[in-house]
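J.: Now for the letters of each chain:
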Amino acid sequence: MNLRELASQLGLTYEGDGTWVIQSPASLEKATLEQISFIENERYYPVLKTTQAGVVIAKPDVSVPRGNVIRTPTPRLIFAQVLNLFYRARLPKPGIHPTAVLGEGVRLGERVYLGAHVVLGENTILGDDVVIFPNTTVYNHVNIGARTVIHSNCSINDYTQIGQDCFIQQGVAIGGEGFGFVPTPEGTWYKMPQTGWVVLEDGVEIGCNSTVDRAALGETRIGQGTKLDNLVQISHGCTIGPHCVVASGTGIGGGTTLEGHVTVGAQVGIREHVTIGRGVTMAARTGIHSNVAAGSTIAGHPEVPFKVWAKYSAAFKYLPEIQKNVRALKKNLAVLETRINKE
Amino acid sequence: MNLRELASQLGLTYEGDGTWVIQSPASLEKATLEQISFIENERYYPVLKTTQAGVVIAKPDVSVPRGNVIRTPTPRLIFAQVLNLFYRARLPKPGIHPTAVLGEGVRLGERVYLGAHVVLGENTILGDDVVIFPNTTVYNHVNIGARTVIHSNCSINDYTQIGQDCFIQQGVAIGGEGFGFVPTPEGTWYKMPQTGWVVLEDGVEIGCNSTVDRAALGETRIGQGTKLDNLVQISHGCTIGPHCVVASGTGIGGGTTLEGHVTVGAQVGIREHVTIGRGVTMAARTGIHSNVAAGSTIAGHPEVPFKVWAKYSAAFKYLPEIQKNVRALKKNLAVLETRINKE
Amino acid sequence: MNLRELASQLGLTYEGDGTWVIQSPASLEKATLEQISFIENERYYPVLKTTQAGVVIAKPDVSVPRGNVIRTPTPRLIFAQVLNLFYRARLPKPGIHPTAVLGEGVRLGERVYLGAHVVLGENTILGDDVVIFPNTTVYNHVNIGARTVIHSNCSINDYTQIGQDCFIQQGVAIGGEGFGFVPTPEGTWYKMPQTGWVVLEDGVEIGCNSTVDRAALGETRIGQGTKLDNLVQISHGCTIGPHCVVASGTGIGGGTTLEGHVTVGAQVGIREHVTIGRGVTMAARTGIHSNVAAGSTIAGHPEVPFKVWAKYSAAFKYLPEIQKNVRALKKNLAVLETRINKE
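Here the protein sequences line up with chains A, B and C, keeping their order. Heads up, the first sequence is in the working numbering, so the first residue is 2 and it goes up one at a time. Heads up, the second sequence is in the working numbering, so the first residue is 2 and it goes up one at a time. Heads up, the third sequence is in the working numbering, so the first residue is 2 and it goes up one at a time.
The reader is advised that the hints may include incorrect statements.
Since the list gives no way to pick out one identical chain from another, each pair is judged satisfied if it fits inside one copy or across any two copies.
As the list claims (entries may be wrong) - With a Cα cut of at most 16 Å, we get these calculated EDC-like pairs of lysine to aspartate or glutamate:
| id | residue 1 | residue 2 |
| --- | --- | --- |
| 1 | Lys308 | Glu41 |
| 2 | Lys60 | Glu16 |
| 3 | Lys331 | Glu43 |
| 4 | Lys94 | Glu35 |
| 5 | Lys60 | Glu41 |
| 6 | Lys325 | Glu111 |
| 7 | Lys192 | Asp203 |
| 8 | Lys50 | Glu30 |
| 9 | Lys94 | Glu105 |
| 10 | Lys60 | Glu273 |
| 11 | Lys331 | Glu41 |
Honestly, the hints are just simulated from the structure, not real lab data. Given the structure is predicted, the values throughout are model-derived calculations rather than measurements.
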């Protein structure tokens, strides 16, 4: 593909030699003359001086070494589209492996792929073009929407509802029983049965070895287009709104609501039964104890506005010095008071 | 079932219309006239004004809208029992799937269920009514007690001893080698062989994708009735006492002891080789560096009494202001001292 | 084996009765007269007074109760070797289970073991003496070096390159798509395709249910002899150098480099796109926001030198008291100033 053809496919303008041949995408540091890359963050502008990339996707005001450039206000987003053009998803062809086990009442859409040793429970229903990789277990009464991909060694429990175009990575466990135990007068724990289910709306993605529990009553819901990273925990009865992103190692307590368009950094903890407003951003490691107002940017444990936390994090290492100074001040002030009282 | 019959089954008294028909349990917010719910926490008393629940389980002093009420000092516990009455555990019927693979010397109790592609290693022994869901692997020389349930895609390594009435959720890994490496003079790491095993006593529950490692020597033990949430790490050689609860994302270091009836919040970290006394409660995110006395309630990193941490967490955001004030105080005091010295 | 024979096998000197028979290794606390143990950390010297161990491995200057001793400056390391002598790894004999599924173009070395329901994708290549336990899935175009062991229920995605003598524990997910999403002008998230792969160099070990993601472009690399504990997250595009150890619950952000010989405590978080110098040590729970110079020992969130954090962690609980004192100081100083101004 040459520069003119690629720009045309993307619906964008280009500058430079339209006949320049592009063989694949690459990072700015490693690209060769036959490759296309992109520049967006100003932090990486110095790399433009040394890059060997033949073509660069860049913002209107940025000049590139060879003059071959595709113009857009969102170079990173366009580069993602270019990657999709060159590397189509490496999905297997339709077909049911003979070792797959299908329960009674299973219904399959057109062009479904089931890998070796996949197990589908009773009355489970798969839409068209669903892909399930080997050694994944789907329990009974599960619905899986069209074009959804479930990678290998996942486990999807009873009554889970999965939308269209979802992407579930390796080792994910959905629909486990929520952690609900009632203390008894004898000091032991009595299980609160978890009779609910999990709903994933369309376009949800879940990273490797993450866990989404079913509710005690009713549903745990993950909203349209929301993306979870690896090793994330969503507890029973959560309502995660649409178009959130949740980074790795984060845990969200039972019955908590994220209203939508919430950005959650890595290793965040959110307590149970709170509401996080629309558009909130949380720094990595934030520990949430209360409701958070829509649009806030927060950090710390317990949470405070990000600007406050930034000041704290610059100051915390001086705490021992401050403590020492306060002791000295008390002493010196007392000395002074004594002197003045004597005079 | 009507109100009179249900109260009788629970061995409790009721008030109101004993012929009121109850079709299912539900939360107070969503219940309809044909449903039963409960009220325990005073925080939710306002919901009583609007609930449509036909019957409510409540403490002796609480009045409910329709007057149909089951009386108990522990409404939440009784509601859990009601849930169990209505929704019997959704367990499969006994039977060995033809794709299950059984090693030499395997012995099975009565009425065992083995799902598709379950693998049992050599000399593994299962008690009566054991249930193992599909794609789970059990290694050699494992004992599993009566009525224990192991969900799908779990992995149970050699010599693990699992008691009766345990409940192991999806994706759990038990008996992996503990993280033991000895530094060599060359700056590399030599593996300390992990020759031990894991013991789960009766009634233990383990949440999805959690991990329990076997010891270098001897055992890692989880006590009777202890419940672990999802994504919990129990390191080699731990002794977790009876009737503990450990919330999601917590990690417990090697050789550490929890004496029993310990409550561990989410994302807690406990260092290796410490002892946590009986009945300790830890807030979420506590980071334990030392032994903890029985009965304490603690928080923070490193840990302090919860009351101290609560004061700290109210104050920490003022640290930059305090730092500024201390600087100003030093300056002002110095000015004052100079003035007085001159006079 | 007797003491003389064992010392000879280890190439070390002994003192005491060379004919003393040793049946197995054990901890100092639990060893009997027929067992061998070791003492290294001075903290455990008091146990020497009561131990029943027949033979002890100890440093040159340490005297042991029965006088039967093997001398070395590194007793822990030698004990690990003794354990290896007594408990050979419990690995299965070579053989391909009839339920294993091999894709087209698979090539197997000599003496390979494939457990029940193992799946190998197309064009995957295994070296000699590779061991793969049941229910593990290996995708297409994967290379696995000689003597590598992969435990059960793991999932190894396309194009992963695994070296020789690696050890992958139960439930590990390698090669999942990195968490790369580009915000669109509409407030949704567009997937950045993850077209790269994962490389594990020789001697890498990975703990249960850990996750290593593949890069958007190019590789995620884990260096020779590096050991990861359970539930560790390595994000897309990381370069982890040789001979690092990473404890449980730690997450490392995308594109970050650990230069080698780095020791990472439990539940650490390292942000994306930073470089950690050679030989750095991080305490448990460290939260890294910036590059870290080689050889540092650090702790805290954000990170500070360990010594600074130790002082902070002793002082933090006094913050409310300091705040109170500062308020009082301001007031008292103002009173004093007023008095002096009046005089």
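J.: Does each hint hold? Answer for all of them.
T.: Now the hints, each set against the structure:
Taking the shortest Cα distances, Lys308 and Glu41 never come within 16 Å of each other, neither inside one copy (26 Å) nor across copies (40 Å). In this homomeric assembly, Lys60 and Glu16 come within 16 Å of each other (Cα to Cα) only inside a single copy, at 12 Å, whereas the closest approach across copies is 73 Å. Taking identical chains as interchangeable, the C-alpha atoms of Lys331 and Glu43 are never at most 16 Å apart, the minima being 50 Å within one chain and 43 Å between chains. With identical chains, the CA atoms of Lys94 and Glu35 are never at most 16 Å apart, being 31 Å at best within one copy and 50 Å at best between copies.
In this homomeric assembly, Lys60 and Glu41 come within 16 Å of each other (Cα to Cα) only inside a single copy, at 7 Å, whereas the closest approach across copies is 59 Å. Within a single copy, Lys325 and Glu111 get their C-alpha atoms no closer than 73 Å, and across copies no closer than 69 Å, so neither meets the 16 Å cut-off. In the homo-oligomer, the alpha carbons of Lys192 and Asp203 lie at most 16 Å apart only across protomers (14 Å), although the nearest pairing inside one protomer, at 32 Å, exceeds that limit. For the identical chains of this complex, Lys50 and Glu30 are intra-copy neighbours only, at 10 Å inside a copy versus 63 Å across copies, given an alpha-carbon limit of 16 Å.
Taking the closest pair of Cα atoms, Lys94 and Glu105 come within 16 Å of each other only across two copies (14 Å); inside a single copy the shortest separation is 25 Å, beyond that limit. Taking identical chains as interchangeable, the C-alpha atoms of Lys60 and Glu273 are never at most 16 Å apart, the minima being 43 Å within one chain and 24 Å between chains. For a Cα distance limit of 16 Å, the shortest separation of Lys331 from Glu41 qualifies neither inside one copy, at 54 Å, nor across copies, at 48 Å.
Checked against the numbered hints given earlier, this structure breaks hints 1, 3, 4, 6, 10 and 11; the rest are met.
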